[in-house]
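Q: Listed below, chain by chain, are the residues.
Number of protein chains: 2
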Amino acid sequence: MSQYWTDIVHQLNPYVPGEQPQDMQYIKLNTNENPYPPSPSILKVVESFPIDTLRRYPDPESTDLANSLASYHGLKTNQVFIGNGSDEVLAHSFQAFFKQSKPLLFPDISYSFYPVYCGLYQIDYKTIPLDDDFCVTLEQYAQPNGGVIIPNPNAPTGIALGLDAIETILKNTNSVVIIDEAYVDYDAESAIRLINQYPNLLVIQTFSKSRSLAGLRLGYALGNADLIEGLNRVKNSFNSYPIDSIASAVAIASIEDEAYFQQCREQVIASRDWLNQALVELAFKVLPSSSNFLLAEHQSALAQTLYTELRKLGILVRHFKTKRIDNYLRISIGTDKECRALITALKSIL
Amino acid sequence: MSQYWTDIVHQLNPYVPGEQPQDMQYIKLNTNENPYPPSPSILKVVESFPIDTLRRYPDPESTDLANSLASYHGLKTNQVFIGNGSDEVLAHSFQAFFKQSKPLLFPDISYSFYPVYCGLYQIDYKTIPLDDDFCVTLEQYAQPNGGVIIPNPNAPTGIALGLDAIETILKNTNSVVIIDEAYVDYDAESAIRLINQYPNLLVIQTFSKSRSLAGLRLGYALGNADLIEGLNRVKNSFNSYPIDSIASAVAIASIEDEAYFQQCREQVIASRDWLNQALVELAFKVLPSSSNFLLAEHQSALAQTLYTELRKLGILVRHFKTKRIDNYLRISIGTDKECRALITALKSIL
Numbered sequence: 010m011s012q013y014w015t016d017i018v019h020q021l022n023p024y025v026p027g028e029q030p031q032d033m034q035y036i037k038l039n040t041n042e043n044p045y046p047p048s049p050s051i052l053k054v055v056e057s058f059p060i061d062t063l064r065r066y067p068d069p070e071s072t073d074l075a076n077s078l079a080s081y082h083g084l085k086t087n088q089v090f091i092g093n094g095s096d097e098v099l100a101h102s103f104q105a106f107f108k109q110s111k112p113l114l115f116p117d118i119s120y121s122f123y124p125v126y127c128g129l130y131q132i133d134y135k136t137i138p139l140d141d142d143f144c145v146t147l148e149q150y151a152q153p154n155g156g157v158i159i160p161n162p163n164a165p166t167g168i169a170l171g172l173d174a175i176e177t178i179l180k181n182t183n184s185v186v187i188i189d190e191a192y193v194d195y196d197a198e199s200a201i202r203l204i205n206q207y208p209n210l211l212v213i214q215t216f217s218k219s220r221s222l223a224g225l226r227l228g229y230a231l232g233n234a235d236l237i238e239g240l241n242r243v244k245n246s247f248n249s250y251p252i253d254s255i256a257s258a259v260a261i262a263s264i265e266d267e268a269y270f271q272q273c274r275e276q277v278i279a280s281r282d283w284l285n286q287a288l289v290e291l292a293f294k295v296l297p298s299s300s301n302f303l304l305a306e307h308q309s310a311l312a313q314t315l316y317t318e319l320r321k322l323g324i325l326v327r328h329f330k331t332k333r334i335d336n337y338l339r340i341s342i343g344t345d346k347e348c349r350a351l352i353t354a355l356k357s358i359l
Numbered sequence: 010m011s012q013y014w015t016d017i018v019h020q021l022n023p024y025v026p027g028e029q030p031q032d033m034q035y036i037k038l039n040t041n042e043n044p045y046p047p048s049p050s051i052l053k054v055v056e057s058f059p060i061d062t063l064r065r066y067p068d069p070e071s072t073d074l075a076n077s078l079a080s081y082h083g084l085k086t087n088q089v090f091i092g093n094g095s096d097e098v099l100a101h102s103f104q105a106f107f108k109q110s111k112p113l114l115f116p117d118i119s120y121s122f123y124p125v126y127c128g129l130y131q132i133d134y135k136t137i138p139l140d141d142d143f144c145v146t147l148e149q150y151a152q153p154n155g156g157v158i159i160p161n162p163n164a165p166t167g168i169a170l171g172l173d174a175i176e177t178i179l180k181n182t183n184s185v186v187i188i189d190e191a192y193v194d195y196d197a198e199s200a201i202r203l204i205n206q207y208p209n210l211l212v213i214q215t216f217s218k219s220r221s222l223a224g225l226r227l228g229y230a231l232g233n234a235d236l237i238e239g240l241n242r243v244k245n246s247f248n249s250y251p252i253d254s255i256a257s258a259v260a261i262a263s264i265e266d267e268a269y270f271q272q273c274r275e276q277v278i279a280s281r282d283w284l285n286q287a288l289v290e291l292a293f294k295v296l297p298s299s300s301n302f303l304l305a306e307h308q309s310a311l312a313q314t315l316y317t318e319l320r321k322l323g324i325l326v327r328h329f330k331t332k333r334i335d336n337y338l339r340i341s342i343g344t345d346k347e348c349r350a351l352i353t354a355l356k357s358i359l
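Residue numbers (the numbering used here), protein chains in the order written: chain A, 10 to 359; chain B, 10 to 359.
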């Protein structure tokens with residue numbers, strides 16, 4: 010607390026990212042990072058980057074990257090907005106669309122950054138409970154609202170909605186609906202193909218998970234041109250040049266290496282299915298995941314205990330002290346070797 | 010305009026960055042970029058960057074870079090806040106400190122992003138006129154206020170205040186005073202040494218100008234630990250990981266190459282002094298600059314005409330359509346060769 014802070018800053022309850030400890034080498038299964046490196050093609054891009062050009066500001070519109078994303082997703086360039094990680098894209102979106110007289114709606118168990126953005130921008134919100142199986146229920150999103158945001162697949166449950174469900178939500182509101190697809194590449198269906206039908210749909214994706222570029226901070230939104238223009242108005246009132254020149258060049262190279270992208274994606278899905286089964290055999294209840302993580306509860310051992318014991322053994326997983334899931338662990342999918350190490354460690358603890 | 014935008018987005022009047030045209034090669038003297046490349050030592054850092062690690066999120070606190078900046082400036086690490094360019098640092102600062110019941114004060118001629126931030130965060134502000142010589146006047150900053158922000162040297166005038174003047178402003182208010190030192194390395198005195206005396210002082214600097222790293226997006230704030238904590242609360246409610254891993258490593262290498270930094274800085278100052286004199290000889294009135302640009306008005310030719318004619322000759326300068334300076338050109342200092350080309354072009358136009 011400080012006399013210099015504004016009222017909003019005093020009231021903020023900032024997001025707490027998964028720990029990134031520097032004290033030793035952990036098997037990091039706590040922040041949903043990709044266990045595989047980014048496309049080998051980016052090595053050349055980085056190595057040969059003309060560093061003299063860094064004295065220049067980057068293109069404020071990141072036009073080349075926007076063109077590349079538009080073409081990859083079958084959209085027009087004016088349907089693409091790029092930000093410094095999808096968290097920044099989300100922040101701008103909350104400010105651009107969700108401060109309304111009616112409340113924003115999102116699931117009670119969901120990305121824990123959403124209520125933080127609401128605090129930052131003083132947005133009224135209402136959470137809609139997931140059902141007993143942790144699935145998104147549709148009916149309540151039809152109530153009067155100032156916007157809807159749903160991660161698909163949801164985090165930290167990993168459970169995906171079908172496009173028919175997304176359409177039901179879109180049809181029942183005139184507000185902006187954001188589908189936050191951070192994890193969509195791990196088996197869920199993207200809502201991108203609904204964009205030209207629904208002017209109120211914004212889809213947000215990231216380079217941090219399936220493209221192994223969390224370290225470079227790149228996310229983007231896809232939607233109707235006037236939603237994108239709204240985001241640009243906010244961005245150009247905040248920071249004209251959010252995307253650095255190296256990041257932009259690397260991201261384009263990543264998009265161009267489709268084969269590698271598919272290969273890593275499939276490998277993570279295969280490891281997830283193996284780990285899911287192995288956890289079930291150790292008496293875990295595992296939610297059906299379409300993402301690169303599993304949310305799992307042990308029949309008898311406490312999540313807090315398992316988290317602590319795993320940490321001692323050099324394995325980090327994530328434990329949210331959130332109602333209804335406070336006895337679950339969220340486990341990011343590692344390499345097969347890391348997944349096996351986790352199972353071995355769990356066996357020794359249990 | 011769109012039914013989906015919030016009221017704030019409708020009212021925004023976004024910042025317009027200097028043009029970055031892609032149609033041809035210009036002599037770019039319009040965005041205050043450094044004419045010299047960044048330190049050669051960063052080449053090795055970029056070339057040998059372990060790209061495999063990009064799959065990981067960066068350190069959310071950018072601890073290594075914060076330590077490096079703290080040590081360079083003789084402060085503690087908890088007195089340093091790092092952002093994705095100083096524009097982002099400014100944006101967070103406006104939100105963290107300036108939304109108050111009393112108005113924020115800044116000069117009427119100043120960085121044109123300030124009123125934009127005020128629009129974004131609904132901050133009440135009042136501009137204080139520069140005097141007839143375009144100098145900051147001190148008296149009016151003593152009136153009741155919710156904060157003060159002054160670029161030093163001021164932009165786009167280039168004129169610097171002495172530390173005694175900064176202290177006068179600090180002594181006359183209990184609000185946060187931000188000294189925006191984007192251009193301080195070109196001959197002005199930094200207020201950093203006042204930080205431990207004035208808990209309400211925040212100094213903001215950038216890697217974009219004197220460190221030739223505009224393309225990498227790095228800026229920082231230095232101040233009392235609880236101001237920095239306020240900024241961290243906002244940042245952690247907006248984007249946990251604003252600084253990418255490559256940018257962070259490059260910035261550290263830049264700080265370590267002090268000799269190169271000094272050499273480029275001095276070369277720009279020498280070129281500025283030469284260009285100043287050459288413009289005077291062409292009948293320009295040139296404001297006394299402590300920055301890497303000159304604000305200059307011709308005795309008879311109109312700024313708009315000169316801007317247009319220079320553009321046709323492949324030279325970009327900046328022309329602000331702002332009252333009192335709408336007949337001035339802001340000219341960034343280029344290499345000696347670029348400065349000479351500008352003078353040759355101006356001679357041919359005049």
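Hint data in this document are derived by calculation from the structure and do not stem from the laboratory. Just so we're clear, the structure is a prediction, and the values are computed from it rather than from any experiment. C-beta: ideal position from N, C-alpha, C; glycine also. One thing to keep in mind: the hints can contain errors.
[What the hints assert, rightly or not] Stretch-level coverage of chain B by chain A, calculated; a stretch enters the list once three of its residues show a Cβ under 8 Å from a Cβ in chain A:
1. 15-21
2. 40-48
3. 107-121
4. 190-196
5. 199-205
6. 277-291
7. 306-319
[Said to hold, decoys possible] Heads up, simulated DMTMM-like pairs for lysine to aspartate or glutamate below, C-alpha to C-alpha not over 20 Å straight-line:
8. B/K294 <-> B/D282
9. A/K108 <-> B/D61
10. A/K53 <-> B/D61
11. A/K53 <-> B/E56
12. A/K111 <-> B/D335
Q: Output the indices of the hints that this structure fails to meet, ascending.
A: 4, 5, 6, 7, 9 and 12
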